[in-house]
Amino acid sequence: MSNTIKTDVLIVGAGPVGLFAVFELGLLDMKCHLIDILDRPGGQCAELYPEKPIYDIPGWPTISAQGLVDKLIEQIHPFKPEFTFNRMVSSLQKLDDGSFRVATDEGELFEAKVVVIAAGGGSFQPKRPPIPGIEAYEGKSVFYSVRRMEEFRGHDLVIVGGGDSALDWTLNLQPIAKSVTLVHRRPEFRAAPDSVNKMYALQEMKQLKFLVGQVSGLAGTDGQLSSATIKGGPDGDVEVPCTRMLPFFGLTMKLGPIAEWGLNLNENLIPVDTEKFQTSIPGIFAVGDINWYPGKLKLILSGFHEVALMAQAAKRIISPGERIVFQYTTSSTSLQKKLGVHD
Amino acid sequence: MTKLTYIAHDGTRFDVEAENGSTVMENAIRNAVPGIEAECGGACACATCHVYVDEAWTAEVGEPEAMEEDMLDFAYDVRPNSRLSCQIKVRDALDGLVVRVPERQG
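Chain order of the listed sequences is A and B. One point on numbering: in the working numbering, the residue at position 105 of the first sequence is 105, and numbering is uninterrupted. One point on numbering: in the working numbering, the residue at position 3 of the second sequence is 3, and numbering is uninterrupted.
Any given hint could turn out to be false.
To be verified - Between beta-carbon pairs, the in silico distance windows are:
no.	chain 1	residue 1	chain 2	residue 2	range
1	A	A259	B	A59	44 to 50 Å
2	A	P126	B	E63	45 to 51 Å
3	B	A59	A	R128	29 to 35 Å
4	A	A219	B	D15	30 to 36 Å
5	A	A136	B	E65	36 to 42 Å
6	A	E260	B	A59	46 to 52 Å
7	A	E322	B	V16	51 to 57 Å
8	A	I176	B	S22	50 to 56 Å
9	A	K296	B	D54	31 to 37 Å
Don't read these hints as lab results, they were simulated from the structure. Beta carbons are placed, not taken as given, at the ideal position from N, Cα and C, and that holds for glycine.
Only chain A is shown next, with the shape it has when bound in the complex (with noise of 0.2 Å):
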């Protein structure tokens, strides 16, 4: 328990609602960390639709989502957040004193007094591909990530999917396994074209063999894939035998741990009430897309405005007994000082 982090409020997820929250929760002198599994902050906006542009950000008549996630993190700069990415976070205990100890999938524990998700759809996780049993394989032959290469030295691999994951780890494992086969539903692909080159140029020299098609079902025993068939190429089924499978699908969002954390749920949404956005859990909030509460709308803005109602009630459960003085950014000096801008 050497190494815990402690902050004053711990946010789970980095998207645009988690950002903004690190501004109000920072001009009531609240300090922040923030987690998220994805490696960069901006959540649905950075990973699913950067470029596209978004049109009801209020005196924005038009950002790009990773314009906004930019703007945001200039923002919230004065308050330097602390963030830690690629986590996912996993349980969370309630301490004596009232905090909250939560613990990630690699073990990393923070506590803090106020914990508040924004984690929008839920954590992106690897999408499992539809292949009929396939749940009975993974973990021990179906891997949906390369943790260590070795594991794969010697095995007959078979590769499935078109962007760039599927293409690099055909190329960086294809010196190392016995056999290397690519298998996609169609022969044009996302990935880059110097690595589509380079994966032609192997199966050219018979190092590897791609296939068109769609992998339709899988047979061994106890977890131990022997093949998978692949359906819909030119050739009609065909069966590969195979002892390891990586399946890259994309990522899709689920909730994940923080269903087992205690709080009220209904259907996947944490229910809030409107005045705080606290959950059933007096300490924790939610705000943004994950959050429910009667009339509420899927919105950025919604977002926006749940954080800075927030920031209120947890000020009164950081510092109990302080007098909250309502103030404005353009008129208030400290509320300048806090921001940089004042001198």
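Using the hints, position chain B against chain A.
Chain B only, in chain A's frame:
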């Protein structure tokens, strides 16, 4: 108004009136057709509004563009008549269009 028909995976028919210029996905959501999720809200970024276009309509509806084909890689049980319904715009020529909802989205 243009008539659209959705056939849910359990065979239930949904006959709806759609405005030209709206998307087949938007009309499915508006009419609570089960099995169309549209997680990303129509940005061609998620492949959860996947439908099968009735064979009689594939020529009129047309082929997906490259970006949509890329997204279809993530869909469940993709067939030659697969489309993402957020990328099909309703127009007069599609009056009577029939689409089927797959067993599941991704």
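Each hint, compared with the structure:
no.	hint	result
1	A:A259 / B:A59: 44 to 50 Å	holds (46 Å)
2	A:P126 / B:E63: 45 to 51 Å	violated (29 Å)
3	B:A59 / A:R128: 29 to 35 Å	holds (34 Å)
4	A:A219 / B:D15: 30 to 36 Å	violated (43 Å)
5	A:A136 / B:E65: 36 to 42 Å	holds (37 Å)
6	A:E260 / B:A59: 46 to 52 Å	holds (50 Å)
7	A:E322 / B:V16: 51 to 57 Å	holds (56 Å)
8	A:I176 / B:S22: 50 to 56 Å	holds (52 Å)
9	A:K296 / B:D54: 31 to 37 Å	holds (36 Å)
Comparing the model with each numbered hint stated earlier shows that hints 2 and 4 do not hold.
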